[in-house]
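> Work the whole structure out from these sequences, hints included.
As you go down the protein sequences, you meet chains G and B in turn.
Position 114 (the first sequence) corresponds to 114 in my numbering; numbering is contiguous.
Numbers given in my numbering equal positions in the second sequence, counted from 1, plus 114.
Calculated directly from the structure, the hints in this document are not laboratory data.
On a predicted model such as this, the values are computed, not experimentally measured, just so you know.
Built from N, CA and C at the ideal position, the CB exists for glycine as well.
Check the hints yourself; a few may be wrong.
To give an idea of the chain G side of the interface with chain B (calculated C-beta under 10 Å), a few residues [what the hints assert, rightly or not]:
1) THR7
2) TYR10
3) GLN18
4) VAL19
5) PHE45
6) ARG55
7) PHE60
8) PRO61
9) GLY99
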Amino acid sequence: KAGVTQTPRYLIKTRGQQVTLSCSPISGHRSVSWYQQTPGQGLQFLFEYFSETQRNKGNFPGRFSGRQFSNSRSEMNVSTLELGDSALYLCASSQDSGGHNEQFFGPGTRLTVL
Amino acid sequence: AQSVAQPEDQVNVAEGNPLTVKCTYSVSGNPYLFWYVQYPNRGLQFLLKYITGDNLVKGSYGFEAEFNKSQTSFHLKKPSALVSDSALYFCAVRDIGGSNYQLIWGAGTKLIIKP
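Rendered as structure tokens:
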């Protein structure tokens with residue numbers, strides 16, 4: 001099976017712009033989670049989608065949003081970018097039948113905000 | 115509130131020696147516990163998990179972890195460290211009895227194995 005894929009791998013944006021990141025989960029996986037990883041803050045949970053519904057949301061401002069499509073592919077959007085949004089954004093998928101399944105991570109999208 | 119603590123930012127071990135990376139957790143119900151590893155310039159990879167059953171769980175690359183309910187710990191161990199084990203290790207917990215079903219992550223522990 002192909003792994004989790006994320007596009008693009010690298011992005012450079014300026015403050016105030018918006019960005020959309022894409023994630024394709026492993027075939028058959030219906031749960032997709034998004035994380036922000038920074039050197040100082042570690043791994044911060046953004047949101048989790050299951051069957052096109054947002055099931056959980058982390059403590060991020062409303063500028064961060066996401067969605068999941070019927071084929072389980074997911075996108076996250078960050079509007080009005082700030083310098084502090086520079087980070088590695090990770091997507092993870094799982095089969096999710098009760099929360100006991102492990103997550104499979106993509107390589108991430110490295111976002112740099114100038 | 116749910117939480118996960120990895121009390122050591124960094125652990126240094128000589129190659130061939132046993133290693134332990136510590137993880138403690140706090141949940142309102144029963145936990146599902148996970149360990150993940152992130153090698154330099156590579157994505158996060160699943161190592162092992164505890165869901166139920168035997169408290170000693172074996173995972174990839176010779177790692178194992180012991181679930182200790184009384185001490186609310188899930189320490190990661192390996193009998194003999196390799197230089198290639200050098201990486202960032204994350205512990206995560208899901209509270210299956212709580213209202214928040216989210217997976218909670220520790221801050222990570224950098225493991226350095228010296229030859």
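> Now tell me, hint by hint, if it's right for this structure.
Hints and how they fare:
{"no.": "1", "hint": "THR7", "in the structure": "violated, 14 Å"}
{"no.": "2", "hint": "TYR10", "in the structure": "violated, 13 Å"}
{"no.": "3", "hint": "GLN18", "in the structure": "violated, 25 Å"}
{"no.": "4", "hint": "VAL19", "in the structure": "violated, 20 Å"}
{"no.": "5", "hint": "PHE45", "in the structure": "holds, 6 Å"}
{"no.": "6", "hint": "ARG55", "in the structure": "holds, 7 Å"}
{"no.": "7", "hint": "PHE60", "in the structure": "violated, 13 Å"}
{"no.": "8", "hint": "PRO61", "in the structure": "violated, 17 Å"}
{"no.": "9", "hint": "GLY99", "in the structure": "holds, 5 Å"}
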